[in-house]
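K.L.:
Here is what each chain is made of, one letter per residue.
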Amino acid sequence: MDQTEIRESIVRMASDIARKEPNYPHAVLLGIQKGGVPIARALAAELSSLSGRTIAFGSIDVSFYRDDLGQRLPYPEPTVLPTDINGRLVILADSVLFSGRTVVAACDALKDYGRAAAIRLAVLVDRGHRELPIAPDFVGKYITTEFHQKVRVRDDFVAVVTYPNPTTP
Amino acid sequence: MSWKKKDLLDIRSLSVEEIGEVHAAARTFRDVIAREIKKVPALRGKTVVNLFAEPSTRTRISFDLAAKRLSADVVDFEASSSSFRKGETLIDTVRNLEALNAEFIILRHAAAGAAQFIAERLSAHVINAGDGAHEHPTQALLDTFTILQNRGRIAELRVLISGDILFSRVARSNIHALTKLGATVVLCGPATLLPDTFRELGVEISHDFEAELPKADVVYLLRIQHERQRAVYFPSIGEFVALFGLTSERFRLCKPDALIMHPGPINRGVELASELADGRNSVILEQVTNGLAVRMAVLYLLNGGQAPLEH
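Protein chains in written order, with my numbering: chain A, 1 to 169; chain B, 170 to 480.
If you're looking for bench data, these hints aren't it; they were derived computationally from the structure. Remember, it's a predicted structure, so these values are computed and weren't measured experimentally. No incorrect hints appear here.
Heads up, simulated DSS-like pairs for lysine-lysine below, C-alpha to C-alpha not over 27 Å straight-line: (1) A/K150 x B/K173; (2) B/K349 x B/K424; (3) B/K174 x A/K34; (4) B/K173 x B/K208; (5) B/K349 x B/K384; (6) B/K207 x B/K237; (7) A/K34 x B/K208; (8) A/K34 x A/K111; (9) A/K20 x A/K141; (10) B/K208 x B/K175; (11) B/K174 x B/K237; (12) B/K208 x B/K237; (13) B/K349 x B/K173; (14) B/K173 x B/K237; (15) B/K208 x B/K174; (16) B/K424 x B/K384; (17) B/K173 x A/K34; (18) B/K237 x A/K111; (19) B/K175 x B/K237; (20) A/K111 x B/K208; (21) A/K34 x A/K141; (22) A/K111 x A/K20; (23) B/K207 x A/K111; (24) B/K207 x A/K34.
Derived list of chain B stretches under chain A, where covered just means 3 residues or more per stretch with a C-beta under 8 Å from a C-beta of chain A: (25) 190 to 197; (26) 459 to 472.
Just a sample of chain B residues kept apart from chain A, beta carbon distances all over 10 Å, derived: (27) V185; (28) A248; (29) R264; (30) F403; (31) I435; (32) N436; (33) N450; (34) L454.
Where is the CB? At the ideal position from N, CA and C, for every residue including glycine.
The shape of chain A in the complex, shown without the other chains (with noise of 0.2 Å):
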């Protein structure tokens, strides 16, 4: 995935957001951190220049949510709500989907701060192998990749990149 079609599908997804979402100029964007803060970010922007109004958009951190904890020492990143999510609609945005477990600790994470009226997911690349029962309502591109791959979105937002390669039979 180059940057054009990253751009692409942001702009793609947006649109999907716009017509599935009568609500949407009231919505929070919230990016998972890390990698969902600048998904985040494209998709309140693209969502402002269709509905002429800035939509708001935060972070969410999740390190202390993780069900995982005490395998994995997480460095924790701000949350930053940019409003109050008691009976908004929020949009969870994430780069990359795999087990679900980050999704499942942002919902628990949200549910100490308010209680939203709805909560969609939003996600650049849905790579499959899912281990919980999450499904995304907006996706920018479905890659089938092995278990044991690795899907990253470059920080710098140009390209997504799967490795190491498929192991060839």
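Chain A is already provided as a structure; the job is to place chain B on it using the hints.
P.N.:
Below, chain B alone, put in the same frame as chain A:
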């Protein structure tokens, strides 16, 4: 994160990076404790024992609340009502606590080295909450965090620590933390409470409080520990106040933005004038709030993990 230590026993053995990791985690916990639901599930299912073999109110409450904010179960174990009275040794006491599956033991003890002694013999995480006149690491971590929050940096600041240095584990931990982070530390107090050997820790020593005040970015006052004092260290409280008490009059010598800090509890009118403790330059209550965030950070980091997070 690269935190690897099982225990927090002292500041002396911490690297600058490790101190930085505690500060970074504490910043996120400052946000957690300010929100409406002040609790996260990071230590769910873990047991924390507050083992205080010396009386303490604020440190014990701070650790207690920190553990509860992380969703741990907390057991309070106080010397006065405990098996210490019946003659059980420290090591037997903590082995019993570990047999009850306690994952964290927070120890305050009158003997220097007590925390290290039990840490070497247990698989539980041990946090030193003050051991004799040796160290009180979480106090120095919260103090440096408070300075950072107010000044944005510690390097090249001049920190004046004044008062009862000889008996102070707070002073020792702060000397290590501040010098590691690049501050200049100046110790001040009566010669009987400030032996010259402290120079070996890389600090300046002065016995002229008024000469030091105008140069200090931070004035850190230590409590005169009446309970540890013998009459021989200085003639009277009156004489101490006359020479080393921070009075409103002396405060005029300070830089206008000098921070006033104190580990508490304050002897109002002895080391610090009451109106200054409540004044604009005082960050004493901020220290208390930051103490909670820093202790949450320490518990979170010690709980640790086998591998760094990968996306």
